[in-house]
Structure formats: structure tokens, C-alpha cells
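Protein sequences appear in the order of chains W and C.
Just so we're aligned, residue 1 is where the first sequence starts under the UniProt record's numbering, counting upward by one.
Just so we're aligned, residue 1 is where the second sequence starts under the UniProt record's numbering, counting upward by one.
Check each hint, because a few of them may be wrong.
Since the list can't tell identical chains apart, any single copy or any two copies may satisfy a pair.
What the hints assert, rightly or not - Only pairs whose alpha carbons sit at most 30 angstroms apart, straight line, appear in this in silico DSSO-like list of lysine-lysine:
1. LYS473 to LYS533
2. LYS494 to LYS419
3. LYS68 to LYS48
4. LYS272 to LYS533
5. LYS533 to LYS227
6. LYS107 to LYS227
7. LYS334 to LYS227
8. LYS272 to LYS44
9. LYS533 to LYS270
These are computed hints drawn from the structure, not numbers from a lab.
2 protein chains.
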Amino acid sequence: MDDKIKITYPGSEKVYMTGKLHPEIKVGMRKVLLTPTVTMEDGKRIVKENAPIYVYDTSGPYSDPNVKIDLKQGLPRMRESWILQRDDVEQLDGLTSEYGRMRQEDKSLDHLRFSHIQRPYRAKAGRQVSQMYYAKQGIITPEMEYVAIRENMNCEELGIDTYITPEFVRDEIAAGRAVLPANINHPEAEPMIIGRNFLVKINTNIGNSATTSGIEEEVDKCLWSCKWGGDTLMDLSTGDNIHETREWIVRNCPVPVGTVPMYQAMEKVKGKAENLTWELFRDTLIEQCEQGVDYFTIHCGIRLKNVHYAHERLCGMVSRGGSIISQWCSYHQKESFLYEHFDDICDILAQYDVAVSLGDGLRPGAIFDANDRAQFAELDTMGELVQRAWAKNVQAFIEGPGHVPMHKIRENMDRQIEKCHEAPFYTLGPLVTDIAPGYDHITSAIGAAQIGWYGTAMLCYVTPKEHLGLPNKEDVRTGVVTYKIAAHAADIAKGHPGATVRDNALSKARYEFRWKDQFNLGLDPERALEYYKAGNHLNGKYCTMCGPNFCAMRISQNLKSCEFDPEEEARLHEE
Amino acid sequence: MDDKIKITYPGSEKVYMTGKLHPEIKVGMRKVLLTPTVTMEDGKRIVKENAPIYVYDTSGPYSDPNVKIDLKQGLPRMRESWILQRDDVEQLDGLTSEYGRMRQEDKSLDHLRFSHIQRPYRAKAGRQVSQMYYAKQGIITPEMEYVAIRENMNCEELGIDTYITPEFVRDEIAAGRAVLPANINHPEAEPMIIGRNFLVKINTNIGNSATTSGIEEEVDKCLWSCKWGGDTLMDLSTGDNIHETREWIVRNCPVPVGTVPMYQAMEKVKGKAENLTWELFRDTLIEQCEQGVDYFTIHCGIRLKNVHYAHERLCGMVSRGGSIISQWCSYHQKESFLYEHFDDICDILAQYDVAVSLGDGLRPGAIFDANDRAQFAELDTMGELVQRAWAKNVQAFIEGPGHVPMHKIRENMDRQIEKCHEAPFYTLGPLVTDIAPGYDHITSAIGAAQIGWYGTAMLCYVTPKEHLGLPNKEDVRTGVVTYKIAAHAADIAKGHPGATVRDNALSKARYEFRWKDQFNLGLDPERALEYYKAGNHLNGKYCTMCGPNFCAMRISQNLKSCEFDPEEEARLHEE
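In isolation and in its complexed conformation, chain W is listed as follows:
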């Protein structure tokens, strides 16, 4: 069964590049193999090879035919030896959260439980274990070298200069401009980096609201996201058995996992926000830290004095976490315990190197509400909190809108950089218009590409079902690919080293009628092939957009005497 969930990409090989500072590092990449270009010159057939293209790969061990996948065992714990070598963590005797222990002792959950739970790690007393701490000490960890290699996608071999060295990575993390999410209890995750001087990343949300259909399905969603290119995965489950589901996901997830701990806290108080307490929330944090969640969205920026700003709005508050804590503040007429206990939160997170994603409870949910007093007041608070996180060596990033019309996107970005001291920005879209329910992956990709170009480090995907219902598998695929487009467009515009290598290779393939190479270099080879087949091509010499007589590229090619392979078409249709 587990072999079925292997991830494959057509015409591609899994390859690894090794570290120099840390030779034990093996950075997985996808190598897309290309067919040669065949031309005729003076009646002679000239064959020119096309070099393979290296592509950033989020599929982890699932795309490596040499790794045996067993969901019950979890993925190989790649980072564990790196972590242990630093000699600054201790293995606990067992879970330390009350809730975690309670669930573990409940025999009725045995059939749901991941079978090989390890004893969690935690920083030794008095020791610091975060990537930010190491970076500040001038230490280049294996994780840092890993992301440097990963970001460059072999561009140096193509003669492309890059500024992304391991030292550069270290410096960005030390300055707080980038986050490398790396919970010591999620050694299965491959290191990646979130910062505006790196590739723009995308996050996928999974998790059902009410009746989840089971653990296997959740793990399957995780792989599905990784297959299409999701860089991190947020598990937003709110149903029963969140704890057990999360264990399965974390153990089998090759990318960092994020959560909104408040959702689980709300389950614990049966949906009554007023019954939330710091103690309960604190226990939830520890529970999830010890499972291996890499970052937490926490809506600490909501202040009692600002809650009423939402009443001036067209769409009030559209953040779940934000509305929950606002409800708590209003009910008790007290400052939010998330804000009050922010330093305590950081002390916990620092022990596991969990990053904090400062959730924007007041993100605008309508373009009318964009860049308003509510949003900017919260941003100011987040700017204060991010420095407090850094003081405790906790990595941090800032969540952002939402719905913002195009002409207000730049202000949003510039202000975030200024007020939050260059901490990475992580936005949901933004949607640039409200009038297209059913197409909000597109309304938001337009804004996402722009804000990514302006400096946003990670984009939270939006699916076609946004505002209407929960996404199914096809919606997730569409959402992820749409966001890969936005992120890649931003990488090109920002001038990321080697960002256009894949575009140029694909366009060359297109121009030379190497259809299969064109598809394989695309973000979704399967869909491209499917659409191509539906096009009812008569032979490989033209695409149905132009027809047999009028293909511009063919006419243009005639001048250059390129040759096409008449059998290629037939082969593609057989696939």
C-alpha cells in the first residue's frame, strides 16, 4: 500500500547534492531530463543534447525510488544526528504536556495512534537550540548549508553567480530577515528558508473543519501538497483526534508543519472562547512542540484597546484565531493572555526551536477594509513583539492580508518591512477584488505575485473553494500550482539567481516542438499532457491553436530549418 503513495514526476530523476562545510548533507533535487534538439542543415541531421534542468523539490524521500516508504514507521529522521551532535538537547522520559499524556494513556485511542512515538527532545537547561541562536553565534549549521545548496538549484554549474552562500543564510537568520523552521522534534523535515532574499515559498493548508474522514486521508493530503510544490504545510484540523492525526502527519511530512494552536485549545473548551485560559493554551503549546510542529500561528497582536476597530469595518474580523481571542478579550474585558504571556510563549518555543508566526487577527477580509486603522494598529503591535521574540532567539515571521486592491499592496509591504524590522512577511493572497467567489485562487494569485515581488517571503495558498467550502483534492492541486506560479513570477521579478533557467528551457522546448520536454518542465506535467491530448492534434508539427497551415512557430522555424519528430505526437497520445 505504501508504495502507491510514492511521488513520481515524468522524465525526472531524484538526485542529491552534497555539502562542503558539512559533507554529510545530501540535498534532494529533481533533475528533469530533456530530449535532444534535432535540426537539418544541408541535408544532414544534427543532434544537439539539451542539458538537464535542476528543479527545487519539495517531495522529500517520497520521490526517491531507493527509499522504502512505510507510513507506520514515518520518514527517515535525517536531521536527528545533526541535532544530537550539537549536544545541547536532552531526550525527555516522555511527553510533558498534560493533554499529551492523557491521550497517550487512553487505550481506546490505540488503534488511531502512530505506532512508533519517540520520546521528545528539549533544550538542556540553560541551553539555546534555535537556528537563530546559532546564527547569532556565527555558527553555520548543516541546516543553513542545506538551504544554501537547495536555493541555488545548481545554478553555479550553469555559470550563474549567486549571493546565496551558507554564510549569507546564517547572516539573514541572525538578523531576523529569514526563518529556518526546524523543530528539534521534526527531524524528518528537510530544511528550507523563509525570507525575502530567498525563493518565495508557499504554504498549503489542510485539515477538515468538522467530520474529518480519517488519518490516512490527512496524510495523503500532505503528500499531495508536497508533490505539487507546497513548501510548508499548515494542519488546521479542528475535529476529533487532532492530536493523533497530527502525529501521523508530522512523522510523514518532509516539509515544516505549522498549526494554529488556538484551534485545538478551542476544542478543549468545547468551543467556548470565554473558557480559554493561559494554562490550557500553554499546555497545548507544549503538546505540539513535543510532537514536532515547526511553527505556530498565534494571534498575539490583538489588543483589548484595538478590538473595537473591527466594528468600523465592512467585514469585521475574518481571522478565526483573531476572532476567538477578541471574543475572549471582550467577554473578560481584559488584555489578551496571548499578548500578556508573549514572553512565556517565547520561552517555551525556544526550547524546541519552534518559530512563531504572528497571526494577523485584523487582516482585512474585504478590499474596503485594506490598510485601515485596525490592520495597521495590529502591525505596530507585531513589530514590538517580533523584537521580543528575537531577544529570546525565537525565530519569527509576520502574517499579512487578506484582501488588498493592487494600488495598496506596496504600502502594505513597505510598512510591514519598516514596522516589523524586516521580519519575513507571510501573506494570504492578497485578493485584489472581492467579486469572484469560485475563482479566488486567481484573484489572490494576482496580489500574491505582486506582494512576493515587493518582498513577501511566503504566500499562503488559496483554492477555488475559498469563501464557499472546503477544498477537495483537485482544488488543493489547483491552489498549490497557482501559488507556485505567483511565487515563481515573483522570483523572476526579484532576480533570484537562476530563476529563469527553467522558463528558458521550457520555451526552447516549446519552440522546437519538444512537447514532452515542455510538459515535463512545467509545474503540472500531467495536466499539460491531458490538455494536449484533448486538443486532438493531427500530428506533432503544430498545436491546435493555429492549425496545420498557420502555426507561427513552424513558419518562423522554416527559416531556421528545424526538424520535428512526426512520431513524437503518436507516442504522447499513447501515454
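Got chain W sorted already, so can you dock chain C onto it with the hints?
Chain C alone, transformed into the frame defined by chain W:
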């Protein structure tokens, strides 16, 4: 049968606004009726009406239940009386193109032929009949007042100031900054305007490459495009019976129709570009002018001296018209007859008020080729030609890319404005990356929204099948709606008067859980409802994104004591 092809929009009425300068004008709009907001205050049920929203409407008489549709008769000839009142046109005895006459005399085509062909109109000898001519004379035509009313979408009644007066429209057309396509032989078309100080428009392409499946299907595609919001329609058919198909389309099309006459000319020389002649092309222009085509894409900007620039490129030439005329130039080693005869072309177009769309034969087909010497050399030529068109009172706009990465879009736009003396820009996308075949409606919508914001007047849609095959009906719908998003996002960013009225109404409906209003105000109410139903909602009080306990908007609403209608959900599912 013809009643089936009526266009309907849920919860909407067809309404008309009348002119002041020209009281005979009736401008069709779609009025979206909204349900009231119901709140509870101190135990009392408060009902507040929500004013209807006026929406720009491209569906013409098809959405008017009082108009009897008969495809064999064609649409009402609304503009005919306006044209005749000007007393500057004459009705010809019959078609004057050789080809048109030949087809008409061919009895074997009778079964294909539109049954009520009228004798065409042409300017009287020595008279000028173009909207640009009238504008330069200071005349505000009914067409100009019509578009002024249409553009404002009733915003003045909402207290929104607008600069779009009939006089402003006249001034923009006189200056060449806007085009009002209005062939005197297409009086069925409702006036619309293309210019950067107006709503951004979108064009839809229809027409099969090889085996068209029949005239009815082509007409059906035309209605489909108009239903979803296509502002103009380009008929790019290249198969048999183009002439007869076009007659059916033009007689039944409520929006301006554009063509690339070169495609038909190529049919006439059986695909041999070298056999093209000016005489044959000239006859094709006259043939189509007399049928009522409103604008022609003509690739006059290709110069013999510039053809070789395409050889420096990654993707050479991707424009069909451009590659055909380049092939002609290279074969004959002569300057293009399109360029040489540009004044003659304008003399013909002026007699019917057909606009010229200067086709960009050298538009980049890969981001690598964007903003290169080839593209900009052609733009310079187009800048020269547009002034020659204006000298003959021919309305003109400029076609643009193609594939352009985000950071090069602004330069493209600014340069077009400068070199082409503010003539409207009409772009295909641009696609901001090459790596997403199967999703190029999205890669291009990202660029389209930006270039629209920067000043592009009309966007040519791209469907998911771009680069892969011909779009089917669903692809057309997706492409049109995607481009409506891009255009609307640009309108908001540009600050078009009243552009956000619909967004705000939709967001208010969303916040108040008036689901049906939310759907009906959207660009695609049917899809929104379909996705909503698929979401398996338990009752109307929350959407499945958040589930029953955690809906942010519901929590946020509790503070404001809004009421929801538990029966609303059930009703939606019954529909």
C-alpha cells in the same frame, strides 16, 4: 430553439438608462436585486433593504426577456437610425468585394448563408464617417453619450463623482486616446469604448483552426463569451466558409467584432504566404468591412529590415499574422505590402469606420524575449503608423505582448504610451512566467492585471489550453471570467468611478451570510453556487471553511447581533 440561447443571470433584471443629449438612447444594464439585511436589536427584528447594484452588461438583447431572438433575422439594428440621421453614408447596390460577390453567387452555399443579408453602407464620396472624425469636429454622437452612460454604471445616483461625461468621451476619441469601434455595417453592436481612462475591456477569441463544427456552434460561442463578460469578440476562424460563418456571427453579435484579415487571405492562397498580394488583401478588407467587422488586426509594423531580429530570439516569432508577412518579406526580399499600402488600408477603413488594431508580429513569446530589440523596433514603427491612421480619421490601437516578467511590464507600458502617442494598448496577457502550461490563464492574468493598472485599455483573454490546444466551452468561460478579474482589479487600482461598488456590496452580503446575494454579485454566480453546494454545509450559519464552532465572521457578528436565516441554506440547496 432560439429561446434556449437567451442569457439569464440569477437575481437580476435587465434595465435601461436613457440619454440626455440623445433621448433615443437606451443603455442596457444588469440590475442585481439584493435581499434585505435582517438584524435583531433588543429582541426586535429590524429589516433593512439593500439597494440594487448596477452592473456593466455585455449580453445585449439576449438578456432582455422582451426581445424576441431569432438568429436567422439577427439582432435589432439599434444604431442604424443614428447612422442614417447623419446623412453621410450611402447604401450600396450590393457587395463590392470580388470575393464577397463570388460567394454570394455560389448557389451551393445557400444552405449556409445568413438569410437576410442587407446591402452594405459606405461613406458617401468625400464624406468622413468615423467616430474620430465626428469627435474632432466637436460632435458628440449618440454612440459617445451611450458609452458615457454605460461606463458610469449608475454611480452618480450613489453620490459618486465621475469624470466620464459625453464631452470627455468625445475628447478622448478626438485625441486618439480611446477607440469606439463602430462599423456602420454592424449597427447591431452596442457602443463601447477602449481607452485607458475607461473601464479595462477584455476580448475573447473564437474560431476553430481546422475543422469547425458548424455555424451554430460559432454563434453559440459568441453568446457564451458575451454572457460571461467579453467586451469584444475576435473571430479567428481559418477553416472553410469563413465568409458565411462571419455573417452569422456579426448579425447576432451585440459586441464589436474583430478579425485578422490575413487569416482569410491565407485561405485564399491555400496557405502559400508567398502568393499573397496587395490586391487580394485589399479585396479581403473590403469584403469584411461590408460585413460589419469593427476592427482589423493588421501586422503592418513588420519591416523587411527588422525581420532578422527574430532570429536572435529564444522563441522567434509567435504571432501568426506576423510570421506570415515576415515569410512574404523574406521570400520576395521586399518591404511588406501591409506597410507599403498602409495609407490605402486606412482609406478603405475610413469609409466604414473600421478601426485598425496594429498587430504586434514581434511580440515576445517567451519571457526571455521580452522588451527586446525586435519588440521595440516594431513599436517604433507602430508609433509612426498610428499617426498616419489618425490623419485619415481612422481609429487605431496597438497590440502588445505576450510574455513579459513582472519587472519589465511597466517599461513596456510606458514605452508604448510614449512611442505610440497615447493610442490605446491592447495586450495578450502578458504571461509573467513560461513554466505553467495548462494554467496560462493564470500566469497571464497576473500580468494582465498589472498592465491594465498601468494603462492598458483592453486585455485579450487567455484560456487554460493556451499553448496546448483549442479551448472548449468551459475553457472559454474560465478564460473570460479570469480576465474579468484582471480587468476589474485594474479598474479598482486605477480608481475608475464606482469600481468598488460591487465589491463592497458583495463583501457586505458575505459578512451578513446573504449567500445568494454574494453569489449573484459575483462574476460567475453559477460556479459559486455549485462550489457552495459541494461544500456540504450543515446549515446557513457558517461556511465549511471554518466549521460550526469557529466561523470568524459569525463570532465577529455576535458582537453586533446580526441574524441569519436558517432557511436560506435549504433554499440554496434546492435550486
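Open item on the list: I'd like to know which numbered hints this structure contradicts. Please list them from smallest to largest.
Closed with: Failing hints, ascending: 3, 6 and 7.
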